[in-house]
Structure formats: structure tokens, C-alpha cells
Amino acid sequence: MNVSLTNPDAAHGIMKIEILKADYADAVEKNLRSVRQKANMPGFRKGMVPMGMVKKMYGKQVLAEEVNKLVTDSMFKYISDNNLNILGEPLPNEAEQKVIDFDTDEDFEFVFDLALAPEINFSITKRDKLPFYEVTIGDDMVEEQIGAYQNNFADYKQVEEVEEKDLVKGLVTELENGEPKADGITFEDGLLMPMYMKDEEEQAKFMGAAVNSTVVFNPYKAYDGAESELASFLKIPKEQVADMKSDFSFEIKEITRAVPGELNQEFFDRIYGEGNVKSEEEFTERIRQSLIEQFAPQSDYKFLEDARDLLVKKAGKLDFAEDLLKRWLLIANEGNTPEKVDEDYPTIIRDLTYHLAKEYLIKKNELKVEEADIDGLAKQVAKAQFAQYGMLSVPEDVLDNYAKDMLKNKETLKNVIDRALENKLIAWLKEHVKLDVKPTTIDEFNDLMK
Numbered sequence: 001m002n003v004s005l006t007n008p009d010a011a012h013g014i015m016k017i018e019i020l021k022a023d024y025a026d027a028v029e030k031n032l033r034s035v036r037q038k039a040n041m042p043g044f045r046k047g048m049v050p051m052g053m054v055k056k057m058y059g060k061q062v063l064a065e066e067v068n069k070l071v072t073d074s075m076f077k078y079i080s081d082n083n084l085n086i087l088g089e090p091l092p093n094e095a096e097q098k099v100i101d102f103d104t105d106e107d108f109e110f111v112f113d114l115a116l117a118p119e120i121n122f123s124i125t126k127r128d129k130l131p132f133y134e135v136t137i138g139d140d141m142v143e144e145q146i147g148a149y150q151n152n153f154a155d156y157k158q159v160e161e162v163e164e165k166d167l168v169k170g171l172v173t174e175l176e177n178g179e180p181k182a183d184g185i186t187f188e189d190g191l192l193m194p195m196y197m198k199d200e201e202e203q204a205k206f207m208g209a210a211v212n213s214t215v216v217f218n219p220y221k222a223y224d225g226a227e228s229e230l231a232s233f234l235k236i237p238k239e240q241v242a243d244m245k246s247d248f249s250f251e252i253k254e255i256t257r258a259v260p261g262e263l264n265q266e267f268f269d270r271i272y273g274e275g276n277v278k279s280e281e282e283f284t285e286r287i288r289q290s291l292i293e294q295f296a297p298q299s300d301y302k303f304l305e306d307a308r309d310l311l312v313k314k315a316g317k318l319d320f321a322e323d324l325l326k327r328w329l330l331i332a333n334e335g336n337t338p339e340k341v342d343e344d345y346p347t348i349i350r351d352l353t354y355h356l357a358k359e360y361l362i363k364k365n366e367l368k369v370e371e372a373d374i375d376g377l378a379k380q381v382a383k384a385q386f387a388q389y390g391m392l393s394v395p396e397d398v399l400d401n402y403a404k405d406m407l408k409n410k411e412t413l414k415n416v417i418d419r420a421l422e423n424k425l426i427a428w429l430k431e432h433v434k435l436d437v438k439p440t441t442i443d444e445f446n447d448l449m450k
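Following this note's numbering from start to finish, the sequence shown increments by one per residue and tops out at 450.
Hints were generated in silico from the structure; no laboratory data involved. The beta carbon of each residue, even a glycine, is placed where N, CA and C say it ideally should be. Each hint should be verified, as a subset may be incorrect.
[Claimed, not checked] EDC-like, lysine to aspartate or glutamate: derived pairs with alpha carbons at most 20 Å apart:
(1) Lys56 with Asp103
(2) Lys221 with Glu254
(3) Lys410 with Glu366
(4) Lys317 with Asp128
(5) Lys379 with Asp351
(6) Lys126 with Glu305
(7) Lys313 with Asp128
(8) Lys16 with Asp128
(9) Lys16 with Asp101
(10) Lys60 with Asp128
(11) Lys21 with Asp107
[Claimed, not checked] Label-pair distances were calculated between CB atoms; the ranges are:
(12) Asp306 with Glu262: 15 to 23 Å
(13) Pro8 with Asp107: 41 to 49 Å
(14) Asn276 with Ile331: 52 to 60 Å
(15) Met193 with Glu262: 20 to 28 Å
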């Protein structure tokens with residue numbers, strides 16, 4: 001077997017793979033023996049089908065499989081051994097590739113076109129300036145977050161009169177001419193919250209209503225005919241909602257009110273663990289730091305996005321194998337058309353240039369991801385996920401185990417590695433460019449990210 005590469009120009013490569021009978025004969029014979037052992041054919045015991053018959057029936061298929069495997073393995077071994085940076089996938093050469101006949105040929109030649117990544121060479125210095133948007137955490141954001149935790153860890157108590165945010169439970173009865181409707185809807189465990197009613201007039205009927213009192217209202221009007229809300233409240237199929245416009249009585253049996261958690265030691269312990277926060281001032285500062293940590297990755301993401309123009313400009317105009325890339329784009333996406341590829345090509349090349357520029361900086365500066373980087377980032381992701389549910393003081397062993405379970409998934413592991421490597425590049429860029437730090441409110445930052 002022989003693999004060779006010629007370069008018509010810097011962007012194109014032509015790979016030839018020559019395969020002789022000696023390269024595949026043993027593997028084909030071994031595969032056919034395996035087929036024979038498993039073959040079930042009328043008139044023969046299992047494993048006793050004559051080899052000549054096996055070859056006649058399966059020989060061509062087995063030969064094609066073994067040759068194609070040799071081609072694929074040798075191609076990618078050559079690419080790896082020679083550190084070829086190819087774009088897209090190797091494509092059959094339309095000019096030099098001869099017709100392959102597995103019925104008559106014993107030696108084979110395969111010819112492939114390769115789109116080669118162009119060489120890049122540039123430097124980053126302190127003369128290069130990039131903005132860095134630092135989200136400022138205002139007191140209002142801190143207060144809002146504290147309020148959210150107070151609501152998440154609220155206490156619940158039974159009260160005597162309804163307010164907007166209360167949960168009201170009672171007997172629901174469909175009415176007709178002001179009286180309970182014969183065979184109408186009725187159930188004892190009706191639940192509603194006035195705050196979710198869309199009609200103010202219907203909502204107002206419940207305000208100040210006391211336990212054991214009865215409110216007459218129209219659910220269809222209260223919820224503005226919303227199918228899901230009405231079906232859920234009345235416990236009926238959605239198909240019946242459109243016709244359900246009756247008045248109902250609601251005999252209030254129970255009113256439950258959520259009382260925001262009080263900012264005391266017990267509350268601090270529930271959020272951050274026993275004894276970790278000992279005052280309202282400490283609690284407020286921990287919340288502020290948590291918000292800073294929350295927005296740091298987003299600021300870094302925005303920073304790298306802003307670095308895109310600089311890196312593309314630094315890379316300069318690169319020579320790509322346009323004919324091969326367009327051919328590959330057509331093959332890779334069945335929905336593509338030549339017109340669509342032509343339309344998208346400039347954007348694709350810009351994105352590709354950016355990708356190659358990042359690769360160049362990573363390789364040139366020997367930026368590598370260590371196991372500690374992967375574990376650390378996985379724990380950060382785990383910590384952020386727990387924080388979404390208000391769990392801010394998760395024990396280290398729990399974080400470790402959760403992170404390890406995450407990394408067992410190959411796709412998750414790959415994403416974490418890619419993100420960790422990108423974090424290395426972000427950190428390197430911050431050190432080597434002039435940072436134009438721009439304090440930004442969260443609303444301004446969100447507008448920038450649109």
C-alpha cells in the first residue's frame with residue numbers, strides 16, 4: 001500500500017492511495033471464514049457451507065468493506081502523521097479517480113481532493129485595544145436577588161382574608177340562573193391565585209373575601225378564555241373550554257399566604273450553610289459576589305466576540321480552496337443549493353478565518369487544557385446549576401460527584417474541554433491586549449448581547 005500527496009497549490013492537495021491485493025487478502029479471507037461460520041443455508045449445516053459458495057455470495061461485499069476500511073484508515077493516519085490541517089472532508093477527485101470494479105480489479109487506486117488550511121502568522125501586542133464590558137452590580141440587583149431568595153424560602157401561613165398573591169382553596173360549583181346547575185361541574189379542591197386572573201373586575205371579587213364566604217365569578221372572563229388555564233382550573237378537557245362560559249361559585253375553605261423569609265441567622269444558614277454568614281451585611285456582600293461570578297462568563301463571552309474582528313483582521317486575506325469547500329458544503333448539507341452556498345460563502349469564510357486565527361494563537365502560545373482545568377470548570381457549571389435552584393452552599397463532595405457524573409457523558413466532556421480551552425485563550429488575550437474596561441449596567445449589557 002502506498003499513500004502520496006501532491007500540492008497543485010498551497011490550498012489544494014491531491015492524495016493517492018494505492019492498494020494491492022497483498023494489502024487486503026488476509027483480512028478478506030479471515031472475514032469470509034467468519035461469514036462461513038455464521039451462514040445458515042438450506043441443505044447445509046451451520047458452518048459447513050462450501051467456501052466457494054460463500055465467496056460467490058459474499059466475496060464482493062467483503063472485499064469492498066475491507067478495501068474501504070483500508071482506504072479510510074490509511075488516509076486519516078497519513079493526515080495525522082503529517083499534521084495536515086484539512087478543511088471539511090476529503091472528496092473523491094473528479095478528474096483522476098478511475099472507476100472501481102470489485103468484480104474484476106485486484107489492485108485499486110483511490111484519488112482524493114483535500115482542502116488545506118492556509119498558513120497564518122500574526123502577533124498580538126498592547127497596541128491592540130479591545131473593549132471589556134464589566135457588569136456593575138447595583139444595589140437594586142442585589143435587593144432583587146435577596147427578594148427572590150426570600151420568596152424561594154418563604155414560610156406559609158393560613159390567613160382569614162384574601163390578598164392578590166394568596167393561594168385560595170375551596171368548593172367550586174357551576175351555576176345556572178344563580179343556582180347550582182343540575183349535572184354541572186362541581187369539585188371540592190378548587191385552587192386559584194387572584195394574581196393570575198387577567199380580568200381586573202373578576203379578580204377584585206376575591207380581594208378581601210374571607211374564609212367560609214362565597215364568591216360568584218366567571219372563570220371564562222377571569223382568564224380571558226385562555227384554554228390551558230381554564231382547563232386546568234375547571235379540570236376539563238381543553239376541547240370543552242370554548243363552551244364553558246357559565247358563572248361559578250367559589251366557597252372559600254382555606255387561604256394560604258407565602259411570607260418572605262426573614263433576614264435572620266436561620267435564613268442565612270438555609271442559604272449558605274450553618275455559620276458561613278453571620279450578619280445581614282455579610283449576606284448582602286455574598287449575594288453581590290455571587291452575581292459578579294454569574295456575569296463574569298458572559299463578560300468573557302462578549303469580550304471574545306469583540307475580539308473576532310481583530311483576529312480576522314490580523315489573519316489577513318487567506319487563500320482557500322473555494323471550489324472544494326463549496327463542493328463539500330453542498331455534499332455536507334442536503335438542503336444546500338449552489339445559490340445558497342454562494343450566498344453564505346463570505347460569512348462561512350469569515351467564520352473559518354476566525355476559527356483558524358484562534359487555533360493559531362492556541363498552538364503558538366502552547367495553551368493547553370489540564371485535567372485540573374476540566375474538573376474545575378465542571379464544578380463551576382455544577383455550582384451554577386445548583387444556584388439556579390437557590391442552593392448556594394452545596395458541599396464540596398457533592399459538587400465533585402455531580403461534576404464527575406457530568407463528565408461521563410462524552411458530549412458534555414467535549415464541550416467542557418472546548419470551553420476550558422477557550423477560557424485559556426480569553427485569559428491570554430486579556431494579558432496581551434490593551435483592555436478598554438467599560439463599566440456597564442445589566443440592561444445595557446443585555447442590549448449589547450442582542
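Hint-by-hint comparison with the structure:
Our distance criterion of 20 Å between C-alpha atoms is met by Lys56 and Asp103, whose separation comes to about 10 Å. Annotation: proposed proximity of Lys221 to Glu254 is violated, straight-line Cα distance about 23 Å (limit 20 Å). Between the alpha carbons of Lys410 and Glu366 the distance comes to roughly 24 Å, so the proposed pair goes past 20 Å and is violated. Restraint check for Lys317 and Asp128: satisfied, since their Cα atoms lie roughly 19 Å apart, inside the 20 Å limit.
Between Lys379 and Asp351 the CA atoms are separated by roughly 31 Å; this puts the pair beyond 20 Å, and the hint is violated. Between Lys126 and Glu305, the direct Cα distance comes to roughly 19 Å. Compliance with the 20 Å bound is thereby established for this hinted pair. Only pairs whose Cα atoms come within 20 Å are accepted, and Lys313 paired with Asp128 is accepted, the gap being roughly 11 Å. As the CA atoms of Lys16 and Asp128 are separated by approximately 44 Å, the hinted pair breaks the 20 Å bound.
About 17 Å separates the Cα atoms of Lys16 and Asp101, which keeps this hinted pair within 20 Å; it holds. A C-alpha spacing of about 61 Å is found between Lys60 and Asp128, which places the hinted pair above 20 Å, so the restraint is violated. For the suggested pair Lys21 and Asp107, the alpha carbons sit about 6 Å apart, so the restraint of at most 20 Å is met. A hinted range of 15 to 23 Å is violated for the C-beta pair Asp306 and Glu262, which are about 44 Å apart.
Range check, Pro8 to Asp107: Cβ separation about 25 Å, and the 41 to 49 Å hint is violated. Range check, Asn276 to Ile331: about 58 Å between beta-carbon atoms, so the 52 to 60 Å window is met. The beta-carbon spacing between Met193 and Glu262, approximately 23 Å, falls within the hinted interval of 20 to 28 Å.
The earlier numbered hints that this structure contradicts are 2, 3, 5, 8, 10, 12 and 13.
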